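Please put together the full structure from these sequences, using the hints given.
So the chains spell out like this:
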Amino acid sequence: MRSHMKFAVPVVVAALALSACGTRGEEPGTGSTGGDGAKKTVKIGVIAPLSGDLSALGKGIQHSVELAVKQANESNALPGWTIEVAAEDDEGKADVGKNGATKLAADDEIAGVVGNLNSSVSQQTQPVFAAANIVQVSPANTGPSLTRGADGNTRPYKTFFRTCTTDITQGAFAAKFLLDQGINKVATIHDKKTYGQGLVQYFTEAFKAGGGEIVAAQTINPDESNYAPVVSKVAPAKPQAVYYGGEYPQAGPLSQQMKAAGLNVPLMGGDGIYDPTYIQLAGATSNGDFATSVGEPTDATDAGKKFLADYEAAKYAEPSAAYGGYSYDAANAIIEGLKVALKDASDVKGARQAIVDAVGKVSFAGVTGQVGFDEFGDTKVKVISGYKVDGGKWTFVKSENLG
Amino acid sequence: MTDLLQQLVNGLTLGSLYALIAVGYTVVYGIVQLINFAHGEVFMIGAFGALATWTVLFQGTTALWVLPVMILGAVVASVTTAVIMERIAYRPLRGAPRLAPLITAIGISVALQEAVRLFYPGAKSKIPFPRIDVVTGPALSFGGVTVQRAAVFTVGALLMSAALLWWFVNHTRTGHGMQAVSEDKDTARLMGVNVDRIIVIAFALGAFLAAIAGVAQGLLNANVDFRMGFLAGLKAFTAAVLGGIGNIQGAVVGGLVLGVAEALAVGFIPGQFGGSAWKDVWAFVLLIVVLVFRPQGILGARVVDRA
Chain A
1 MRSHMKFAVP VVVAALALSA CGTRGEEPGT GSTGGDGAKK TVKIGVIAPL
51 SGDLSALGKG IQHSVELAVK QANESNALPG WTIEVAAEDD EGKADVGKNG
101 ATKLAADDEI AGVVGNLNSS VSQQTQPVFA AANIVQVSPA NTGPSLTRGA
151 DGNTRPYKTF FRTCTTDITQ GAFAAKFLLD QGINKVATIH DKKTYGQGLV
201 QYFTEAFKAG GGEIVAAQTI NPDESNYAPV VSKVAPAKPQ AVYYGGEYPQ
251 AGPLSQQMKA AGLNVPLMGG DGIYDPTYIQ LAGATSNGDF ATSVGEPTDA
301 TDAGKKFLAD YEAAKYAEPS AAYGGYSYDA ANAIIEGLKV ALKDASDVKG
351 ARQAIVDAVG KVSFAGVTGQ VGFDEFGDTK VKVISGYKVD GGKWTFVKSE
401 NLG
Chain B
1 MTDLLQQLVN GLTLGSLYAL IAVGYTVVYG IVQLINFAHG EVFMIGAFGA
51 LATWTVLFQG TTALWVLPVM ILGAVVASVT TAVIMERIAY RPLRGAPRLA
101 PLITAIGISV ALQEAVRLFY PGAKSKIPFP RIDVVTGPAL SFGGVTVQRA
151 AVFTVGALLM SAALLWWFVN HTRTGHGMQA VSEDKDTARL MGVNVDRIIV
201 IAFALGAFLA AIAGVAQGLL NANVDFRMGF LAGLKAFTAA VLGGIGNIQG
251 AVVGGLVLGV AEALAVGFIP GQFGGSAWKD VWAFVLLIVV LVFRPQGILG
301 ARVVDRA
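Line by line, the protein sequences are chains A and B. 1 is the number of the first residue of the first sequence in my numbering; add one for each residue after it. 1 is the number of the first residue of the second sequence in my numbering; add one for each residue after it.
Hints were generated in silico from the structure; no laboratory data involved. Accuracy of the hints is not assured; some may be wrong.
[Unchecked claim] Distance condition first, Cα-Cα at most 25 Å in a straight line; then the derived DMTMM-like pairs of lysine to aspartate or glutamate:
#1 Lys40(A) - Asp347(A)
#2 Lys388(A) - Asp302(A)
#3 Lys393(A) - Glu318(A)
#4 Lys124(B) - Glu109(A)
#5 Lys176(A) - Glu400(A)
#6 Lys192(A) - Asp95(A)
#7 Lys124(B) - Asp302(A)
#8 Lys339(A) - Glu375(A)
#9 Lys185(A) - Asp3(B)
#10 Lys176(A) - Asp390(A)
#11 Lys380(A) - Asp390(A)
#12 Lys339(A) - Glu109(A)
#13 Lys349(A) - Asp223(A)
#14 Lys124(B) - Asp95(A)
#15 Lys124(B) - Glu318(A)
#16 Lys339(A) - Asp357(A)
#17 Lys193(A) - Asp280(B)
#18 Lys339(A) - Asp299(A)
#19 Lys238(A) - Asp3(B)
#20 Lys93(A) - Glu114(B)
#21 Lys306(A) - Glu318(A)
#22 Lys124(B) - Glu91(A)
#23 Lys103(A) - Asp347(A)
#24 Lys193(A) - Glu91(A)
#25 Lys124(B) - Asp275(A)
#26 Lys124(B) - Asp53(A)
#27 Lys93(A) - Glu224(A)
#28 Lys393(A) - Glu213(A)
#29 Lys393(A) - Asp133(B)
#30 Lys192(A) - Asp280(B)
#31 Lys306(A) - Glu84(A)
#32 Lys124(B) - Glu224(A)
Keep in mind it's a predicted model, so treat the numbers as computed, not measured.
Structure (structure tokens):
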């Protein structure tokens with residue numbers, strides 16, 4: 001009997017907690033039916049890693065959305081409506097993200113959501129927002145399957161859009177970048193994760209199509225930190241460069257060990273290695289290594305400079321980081337959509353289908369270019385930039401629009 | 001031919017690291033029949049000890065003379081951790097069923113990893129390890145075979161440590177005491193051997209070698225990481241079993257065999273099942289094959305089974 005009692009207590013607690021969750025979603029709807037004359041509230045959600053290792057990027061996303069919303073309210077972009085920001089933390093984890101998305105989706109005043117940062121998290125939040133018919137615009141997901149499905153040609157969720165371009169473009173740019181320098185024998189290495197494997201796959205396709213030769217294809221185990229056997233396997237094929245699919249915690253040591261073992265060729269990677277920590281880990285021998293990243297450096301355009309100045313003036317605690325411009329554009333895409341869809345609407349929830357349709361048709365001059373979406377929900381701006389390690393810093397080499 | 005030699009060099013380097021760590025598993029197991037799963041973390045703390053010593057005392061210096069001081073820092077950190085661990089976590093459980101200390105070991109392993117992650121500045125991600133003159137830098141080349149300078153250090157460290165350990169176990173009073181305790185704890189106690197002291201010394205010896213391995217891995221890979229002990233510990237434990245658990249020579253042989261097997265699998269198994277993606281699979285296939293035909297390991301376990 002005693003053991004039964006021990007079990008019963010947690011069960012009761014759990015049941016109470018669950019029922020609490022159930023009711024929480026209903027409160028906002030009943031609490032704030034817009035009174036006549038007073039402005040009605042519409043919310044834009046943000047879902048990104050606001051704590052943990054990636055919080056620097058997540059906070060930049062949150063504040064950039066806040067800036068867009070603040071400016072829209074000041075200019076009275078939506079007459080009769082006040083826009084608010086509702087931020088949820090996904091910690092960069094799929095399960096936490098799913099819970100956050102469920103919470104946002106239960107709020108009847110949510111008109112659209114900016115997020116997530118990680119493709120793996122978006123994979124879990126996409127169906128949640130799709131079920132509630134809430135438009136989701138990601139500023140940072142580069143995984144192609146999010147908009148093109150597993151077969152590359154079927155859009156899985158009509159509610160999902162993104163303002164950054166994909167790894168297909170990134171791989172193609174990298175292939176061209178190397179071929180243009182006369183490098184046509186490359187070895188590829190990836191970390192067996194979705195992002196790295198995808199990047200190498202798109203790079204390989206584009207590189208072969210451009211007349212290059214892949215002389216070795218290897219993988220590493222991301223938990224390991226000694227890559228000597230792989231480097232020795234790759235070296236006899238005499239590649240002129242190594243293309244790595246993965247992130248900087250592995251790429252940095254790999255570059256260092258490659259060169260320590262006498263394989264003195266540049267390592268190139270995607271936006272996953274475009275970080276100062278890469279250079280720290282790779283050491284002095286990383287000079288001459290390459291990376292690509294989506295978009296142009298934010299301060300390369302006038303619109304970008306204005307965004308950075310406005311952001312500065314608003315005095316947010318954290319910098320706008322790598323995806324600030326994309327997040328600002330994502331929020332503005334939703335606001336542009338709302339201008340059309342909320343004009344005659346009485347409540348947000350009823351207008352959600354109209355919002356999704358309107359966001360799909362937006363076209364305006366944003367920070368990152370002319371913002372607009374194709375039939376898959378991908379951005380029409382397909383700008384990628386190449387960077388090179390020079391004197392211990394990433395320096396901009398060139399950018400190109402592959403749209 | 002060059003490829004074969006190259007992968008052999010890689011394998012022996014990796015194997016030397018495994019061997020240095022494996023000795024710690026085997027010495028402790030030989031004496032108290034405990035698989036100290038936290039030993040991988042002792043290795044990790046050794047690497048961080050060396051890094052901390054360098055950061056505090058020699059930040060910016062790359063001269064060779066700082067290396068012995070770093071090794072000393074590593075040894076102090078590792079041995080202190082191991083001795084405290086033995087005192088507060090394992091000694092109270094000495095009479096308990098075997099599963100209790102095993103679970104404790106796993107708990108300590110997680111606790112130590114998290115402690116380093118939380119309290120060592122910047123340890124949430126990989127930290128670059130200092131580059132020291134002579135032992136790091138451009139690789140040496142012998143007719144097409146490149147040898148990293150840190151690899152020479154690693155293999156040299158294993159040779160010296162193994163020789164010292166052999167001398168210690170066979171030619172000192174304490175070493176004879178260890179052999180006695182390993183054979184029969186109760187009789188050894190009746191003969192006047194201080195069993196508690198011998199056990200602490202076994203932990204300390206293992207930690208000493210793990211600390212050297214920590215420095216070696218830092219130099220080889222140019223970075224350290226709070227997670228580095230997990231996989232290294234697992235591989236070293238495998239090496240200890242492969243060579244014959246409880247047998248010090250066995251641990252060294254097991255480590256080298258495992259390292260070479262991994263490197264050769266990367267280099268010479270063709271097609272879909274080759275390359276680095278499958279090297280761990282082949283390493284464990286080797287372990288299973290050896291254990292099927294020689295359950296006591298390559299050199300034979302040195303433990304009296306009292307079950």
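Evaluated hints:
no.: 1; hint: Lys40(A) - Asp347(A); in the structure: holds (8 Å)
no.: 2; hint: Lys388(A) - Asp302(A); in the structure: holds (24 Å)
no.: 3; hint: Lys393(A) - Glu318(A); in the structure: holds (22 Å)
no.: 4; hint: Lys124(B) - Glu109(A); in the structure: violated (38 Å)
no.: 5; hint: Lys176(A) - Glu400(A); in the structure: holds (11 Å)
no.: 6; hint: Lys192(A) - Asp95(A); in the structure: holds (21 Å)
no.: 7; hint: Lys124(B) - Asp302(A); in the structure: violated (37 Å)
no.: 8; hint: Lys339(A) - Glu375(A); in the structure: holds (21 Å)
no.: 9; hint: Lys185(A) - Asp3(B); in the structure: holds (20 Å)
no.: 10; hint: Lys176(A) - Asp390(A); in the structure: holds (21 Å)
no.: 11; hint: Lys380(A) - Asp390(A); in the structure: violated (31 Å)
no.: 12; hint: Lys339(A) - Glu109(A); in the structure: holds (15 Å)
no.: 13; hint: Lys349(A) - Asp223(A); in the structure: violated (45 Å)
no.: 14; hint: Lys124(B) - Asp95(A); in the structure: holds (21 Å)
no.: 15; hint: Lys124(B) - Glu318(A); in the structure: holds (20 Å)
no.: 16; hint: Lys339(A) - Asp357(A); in the structure: holds (12 Å)
no.: 17; hint: Lys193(A) - Asp280(B); in the structure: holds (17 Å)
no.: 18; hint: Lys339(A) - Asp299(A); in the structure: violated (28 Å)
no.: 19; hint: Lys238(A) - Asp3(B); in the structure: holds (13 Å)
no.: 20; hint: Lys93(A) - Glu114(B); in the structure: holds (19 Å)
no.: 21; hint: Lys306(A) - Glu318(A); in the structure: holds (18 Å)
no.: 22; hint: Lys124(B) - Glu91(A); in the structure: holds (15 Å)
no.: 23; hint: Lys103(A) - Asp347(A); in the structure: holds (19 Å)
no.: 24; hint: Lys193(A) - Glu91(A); in the structure: holds (19 Å)
no.: 25; hint: Lys124(B) - Asp275(A); in the structure: holds (16 Å)
no.: 26; hint: Lys124(B) - Asp53(A); in the structure: holds (8 Å)
no.: 27; hint: Lys93(A) - Glu224(A); in the structure: holds (22 Å)
no.: 28; hint: Lys393(A) - Glu213(A); in the structure: violated (30 Å)
no.: 29; hint: Lys393(A) - Asp133(B); in the structure: holds (24 Å)
no.: 30; hint: Lys192(A) - Asp280(B); in the structure: holds (14 Å)
no.: 31; hint: Lys306(A) - Glu84(A); in the structure: holds (23 Å)
no.: 32; hint: Lys124(B) - Glu224(A); in the structure: holds (16 Å)
Hint violations for this structure: numbers 4, 7, 11, 13, 18 and 28, all remaining hints satisfied.
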